[in-house]
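Participant: Sequence:
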Amino acid sequence: EELPRHIAHEKRGLKPIKNLCKTLKAPKEHQELALLSCEFHTHVHRAFKLKGATLNKLFNQTDAWRRKERFEDFLLVCKADARGRTGHETEPYPQADYCRAAFAEAGKISAKDMLAKGLQGAEIRAGLDEARGQHLQAWKESVLNDGQYQPAE
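For reference, each letter of the sequence shown is one residue, going 859 to 1011 in the working numbering.
Calculated from the structure, these hints are not laboratory results.
Do not take every clue at face value.
Below, a list of computed lysine-lysine pairs in the DSS-like style, where the Cα atoms sit at most 27 Å apart [as the list claims (entries may be wrong)]:
hint, residue 1, residue 2
1, K975, K909
2, K880, K937
3, K966, K909
4, K907, K883
5, K975, K937
6, K970, K926
7, K883, K873
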C-alpha cells in the first residue's frame, strides 16, 4: 500500500543491508558505506533545502572530516541513486558538487579557531558546530542567490 512511495526507507533499509552484508561476508568498509548511504542519501538529494547547521551535522554524521574518501564514495552513491530511475539516467546532479563545496567552506573553520577564542574540551566541538553552521548558512544564501548552484527541477 506504500508503493511507489518509500516511507522511512532510510531507517527501514538498514536491517536488510546488514543481513545482506552478513550473508555475502562483505568487507566492513563496504557495509559501512552501504549503511551510511541508506541512512543519509536523502539528505544529499535535498541538500539545497538544508540549513547550514544541518549540512554541518551531515558532515559530522558521515564522518566526512576524518574519512574524506568515503564521503566522496557516499556522494557517488547518492548520484547513482538519483539517476537510477528510468528517465533520470542523464540528469544533472548538482547536489554532489554543492555538498563538496559546502564541506570545503565548513572546513575553513577549525578547532584552532575555537582554541583562539578560549574554548576548551567539549566547548570546542560545540563552538565548531555553531560557527560552521552559521558560516554555512551565510555561504548557502550567497551561492544560491547568485545562481552559482542550480537545483535540478
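Participant: Check the hint pairing K975 with K909 against an upper bound of 27 Å on the C-alpha distance.
Facilitator: holds (25 Å)
Participant: Check whether the Cα positions of K880 and K937 lie no farther apart than 27 Å.
Facilitator: holds (26 Å)
Participant: Taking only the CA atoms, is the gap from K970 to K926 under or equal to 27 Å?
Facilitator: holds (20 Å)
Participant: Within 27 Å, alpha carbon to alpha carbon, are K975 and K937?
Facilitator: Measuring from Cα to Cα gives roughly 39 Å; hence the hint is violated.
Participant: Regarding the pair K907 and K883, is the alpha-carbon distance no greater than 27 Å?
Facilitator: Status violated; Cα separation ~37 Å.
Participant: Is it true that the CA of K966 sits at most 27 Å from the CA of K909?
Facilitator: Distance of about 18 Å is within 27 Å: holds.
Participant: Does K873 lie within 27 Å of K883 when you go C-alpha to C-alpha?
Facilitator: holds (15 Å)
The structure is inconsistent with the numbered hints 4, 5, although it conforms to all the rest.
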